[in-house]
Structures are given as structure tokens and as C-alpha cells.
Amino acid sequence: MIVSRSSSNPPSYPPLSRKIVNYVMLSLTGLCTLLVVSVLLTILVYLLWNGVHALNLNFFTKLPAPVGQSGGGVSNAIIGTLKLLALASSIGVPIGLLGGIYLSEFAGGWSAFTVRYTTDLLNGVPSVVMGIFVYTLVVLPMHHFSTLAGGIALGIMMIPIALRSTEDFLRAVPRSLREGGLALGASKSETIFTIVIPAAIYGIITGIMLDVARVAGETAPLLFTAFGNQFDSSGWLQPTSSLPVVIYNYAISPYDEWHQQAWAAGFVLLSGLLVVSIVARVILARGKKLSHG
Amino acid sequence: MANAALSTPGVPMQSRGLEKKQTWLERLRKGDEVVHLITLAGAWSIIVITGLLVQHLWVYSAIARHTFGWRFLFTSTWDPVNGLFGAWPFVYGTIVTSILALVIAIPIGLGTAIFLAELAPRKVSDALTFLVELLAAVPSVIYGLVGIFLLIPILTTAMPYFQKVFGWLPIFSGTFYGVSYFSAAVILAIMVVPFIVSISREVLLAVPVSQREAMMALGATKWDVTWRAVVPYARQGIMGSIFLALARALGETMAVTMVIGNVAQVSTSLLAPGYTIAAVIANEFTEATGDLYLHALIELGLVLFAVTMIINALARLLMLTMKGHEVTG
Chain A
1 MIVSRSSSNP
11 PSYPPLSRKI
21 VNYVMLSLTG
31 LCTLLVVSVL
41 LTILVYLLWN
51 GVHALNLNFF
61 TKLPAPVGQS
71 GGGVSNAIIG
81 TLKLLALASS
91 IGVPIGLLGG
101 IYLSEFAGGW
111 SAFTVRYTTD
121 LLNGVPSVVM
131 GIFVYTLVVL
141 PMHHFSTLAG
151 GIALGIMMIP
161 IALRSTEDFL
171 RAVPRSLREG
181 GLALGASKSE
191 TIFTIVIPAA
201 IYGIITGIML
211 DVARVAGETA
221 PLLFTAFGNQ
231 FDSSGWLQPT
241 SSLPVVIYNY
251 AISPYDEWHQ
261 QAWAAGFVLL
271 SGLLVVSIVA
281 RVILARGKKL
291 SHG
Chain B
1 MANAALSTPG
11 VPMQSRGLEK
21 KQTWLERLRK
31 GDEVVHLITL
41 AGAWSIIVIT
51 GLLVQHLWVY
61 SAIARHTFGW
71 RFLFTSTWDP
81 VNGLFGAWPF
91 VYGTIVTSIL
101 ALVIAIPIGL
111 GTAIFLAELA
121 PRKVSDALTF
131 LVELLAAVPS
141 VIYGLVGIFL
151 LIPILTTAMP
161 YFQKVFGWLP
171 IFSGTFYGVS
181 YFSAAVILAI
191 MVVPFIVSIS
201 REVLLAVPVS
211 QREAMMALGA
221 TKWDVTWRAV
231 VPYARQGIMG
241 SIFLALARAL
251 GETMAVTMVI
261 GNVAQVSTSL
271 LAPGYTIAAV
281 IANEFTEATG
291 DLYLHALIEL
301 GLVLFAVTMI
311 INALARLLML
321 TMKGHEVTG
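Taken in order, these protein sequences are the chains called A and B.
Using the working numbering, read the first sequence as starting at 1 and increasing by one per residue.
Using the working numbering, read the second sequence as starting at 1 and increasing by one per residue.
Hints may contain errors.
As a list, the in silico SDA-like pairs of lysine to any residue whose alpha-carbon atoms are at most 25 Å apart [claimed, not checked]:
id	chain 1	residue 1	chain 2	residue 2
1	B	Lys123	A	Arg281
2	A	Lys62	A	Leu40
3	B	Lys123	B	Lys222
4	B	Lys222	A	Ile20
5	B	Lys123	A	Lys62
What the hints contain is simulated information worked out from the structure, not anything from laboratory work.
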């Protein structure tokens, strides 16, 4: 259809005007690329520059200091973020893995369609709406904000990506491997757990790491679930501070010391995310090399 | 269910007919059915969670829905003290910032995708795409941070010169305080460009070489080939990427909240401060006193949810028809 339209109107051999249009438009696309890359690099460099300058040892070890007092840190937010991510993973990863195995190995017909469609739906839910949902689900019945609520919010947000990446990597395992397992007399479940999953394990781990990195920076759902805390949060039922929320609260505050802390927190969060993303890609590359060589 | 358990891609079809069909109990004993049921439970819990989400948004916005009806969306008085809730300033702000962000992001993103797919050497293209995709992983709160301390000062410096030329237009009139629809749209554009670039590039790269060669053989220039043969072929995928970007822009919370100014008013000028649906939820949710206030905010969440769902569905539909097109054509 498209082919016929473009070939029904063949441009005659290029006159000068066409050549000019050609050069102008092609340079414009080059300029667009330059613009995008330079804007993105500026953001990265600006953040890293400011972050490094605001960073010191106190930042990692001390609790937040009152306004006007220097030397405070955000140790509680770092621990809070780690706790939230641990809780989120313990919810999101098992459900995502099971769902992914189901879709790739067992599902067929309407059940698979429904699960896949719902997962896409869940993936598209704006993060602030997820915050509202967990607020009504956990915070309202418990009458207070908690680490638990924040972890559940992030955990639900992890499910769709964990599921889709698991499914994709399991599907990429060659059919011949499965047939080999079954031909040796292994049951279907034995084949899945001893052949198919091990063959895809690097990909699955990569997917989960990237998933954790994605929710680690989520702020909106934490505002009304984990809330925030000036102090350490013990256990799972108290509100807790977290790096993204600290960045937000400090950035919109009028105080210079807090702005510095926001930069430092942004630097720590972003470098953590970038390291995880890059390590995940390295694992995937090595996994590919192992399974091909 | 028994059928579904047997018909994997891995099992050759005739093996089913040859051996004696196992009973459900036999499969249960061998573990297959157990694994099937456990994974099924995991998969269906997603349906349960999503169902709960819709149900909770619906139930917890009931008071606001019954009190205001459709007026909720189209009246402009947001007065929590007197219990009057009209969401038009937020709806307006959300639409304006998202559309403006797309107006900025689409040409730039598409241009970049064309350059990366058609012109750049493969290695350069891959390296730049890696960078762009890495930046899609930067959390929105960090974009907000950069927005406050880098973008707003730059815009504030540049705006007087800009207004000297374009200030007579109603959309660029008035005093510029830094926080505005425009600042929010610029940040949103920066955030959605990576989506448009990486998806559109994939789609453009997937266009068959024959499509290009056919056009080239007719004596077309490189640009003609790209613009008349390659881009039209990939247009559904590109539209899909734009819809995904739109859904992301509509639901984006933190970065927008930090640079839009959070003033519940409707202004023609893009340089005036405003508010969006996601921003008002983020700002006022924890302070909402009284059921009506809370339900009004949750109704805003419901609206946001419904709209992003529809746009995501459209995007997916476009991508699906494109895939079908690739297979059949």
C-alpha cells in the first residue's frame, strides 16, 4: 500500500532544489541529534559536578541536621531506600517470575491474553496513581504511613517489568533444548527448572536488576505511603525517609545547605542507578558469550 | 487447563497422540500440575491487583463523583476550605504542558531518530542510543532538581530577549517568574525525547532495505528516500512511540510539580505559573482534610488513570497493527 503510493509518484532525477532540500534536512537531523545529546550530557555533567562538590562523609553517616546547622547527612534515607527496595523486590520479583514462567511455559488462550493485557495496563499506571492506590489499600486501614506501604507500592510497580522480561528471556530459549529435556524422560516441570530457566538465567537477572533500578528513583508513590522521617525508622511499620523523597523535599526548600544535600542525594542515587544498569548489561553480555561459546 | 499444560511450544504435537494420555492426578504427582497451578496463581495475582486498583479508585472517589458529577472536570474553583472542587485548572494545565512538550519533542526526537537510523555509522549510532536509553532511566525527581537549578535560571535569563520578539503574542505575554507551563513543558520534552528516539530508531531500522533501494533506484536523494519511503513505512511505530510519550507526559509528577509553580489558575500565557493533575495530587494528598477533599483528589487520580489507560491502549494497538503489517507484508 505504502510502496505503491511512493512509487506512483517517482521523483525525477534530482534537480538542484532537491539537492538543497536534501542537504538542509539532513543537516537538521544532525543538529537535532547534537541538541539531544548535548542537553542530556549537560544534565548528567551538571548533576555529577554539583553532587561531587556537595558530598562528604557525614552525608552517609549522620542524620539530617536542623536548618542552619551544617554537617548533617541522610543516613536514614539511604537505609530507608535499601529497605524499601528489599521489600519491593520480595513482592515484585516472585510474582513477576511466576507470571513470566506461566506466560512462557504454560499459558494459552484467553488466560494468557488476560494476564498479558492486565500486565500492560498495570505498567501504564502513573506512579502517583499507584501511590493513591496503596494509600487506600494499606495506609488508610493502618491509620499511619509505613515502610511496609512504600515497599508494597514499589513492589507492585516492579511486577510488570519483571514479568515481561522473564517471559521474553524464557521465550528466547531454543525449542530444541526443551525437546532434548523431554526426550530424556524429564517431566515438564523438571525441564523448566533444570534446563529452560538456567539457560535464561543471565537475562532474567539482568531484567530484575534494571527493574530495581527503575523503581529506586520513584518518588511520587512514596510521598503518601512511606512518607518521610527525620530520624531512623526501625522495623517496617513506621514512616521512613528515602533518597528520592529527600531530594524532592530539600530541592523545593528555600535553604542553601538543603540544596547541597539534595545535589549530594541526587548524585548518590543516580550513580547507584547507573552502576546497576551498566553491571546488568555486562552480565547480559557475559551470559551471551557463555551460552554461545 | 489440562490442554494448556500440554500445548507448549516445546512439545512436538504428535507425542500427545502416541503415548497414553496422562490423567490429571498423574501429572499432579509428577509435579507438572503443581508448577502450573503455582505459576498460574502468580499470574492471576496481577489481575487481582489491577482489579483492586480500579475498584479502590472508584470506591474512594464516590463522594466527589456524587457531589459534583461531570461539573468536577469543567469548573475552575478549587476551594478546599469551602468544599468546592472544580478541577479545570489542573486538567487544562495537564493538557497544555503535555501537548507543548510533544510539540517540542516530536520534531527533535524524530530528527534524532532519523539521523541515528539512516545517517550515523552503526557504531556511533549504537553508542549514542546507549546514552539516550541510559538517560531514560534517570528518575523524574532528578530532572526536577536540574529543572529548578539549571533550566529555570537559563529560561529567566533568556526570556526578556525572547519576549522582545514574541511578547505581542498572547501565549507569550505577561511577566515570567521562572516557574510556568513553559518550563514544565521543556522538562517534560527532555524526559520524553529518549522514548521517541529509541523506539522510532528501532522502527526505522526495521524498515526493509528493499524499500530504500526501490526509491533510490528512481533517482531520489537520501532525504527523499528517508522522508517518502522509510518514514511512511514506519509511521505506525512512530505514532506508537508518540502515544507512549504522551501517556508518560500526562502522568509525570515530580519534575512537573517542581517547576510549574503550583497555582490553580487558567492562563492563556504559557509563561504563567499553573498546575497539573499529578502535581496537585502530589502536593495536597497528605494534607487533605475531610472525606470530600480526599475523594476529590482520588477522583483526579481516577481521571488520570482512565486517560493514560486509553492512550496506552491506542499506542499498543498501533504497535500491534505494525507488527502484523511486518509479518504479512
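Verification of the hints:
no.	hint	verdict
1	B/Lys123 x A/Arg281	holds (17 Å)
2	A/Lys62 x A/Leu40	violated (32 Å)
3	B/Lys123 x B/Lys222	holds (20 Å)
4	B/Lys222 x A/Ile20	holds (11 Å)
5	B/Lys123 x A/Lys62	violated (45 Å)
When each numbered hint is compared with the structure, violations occur for hints 2 and 5.
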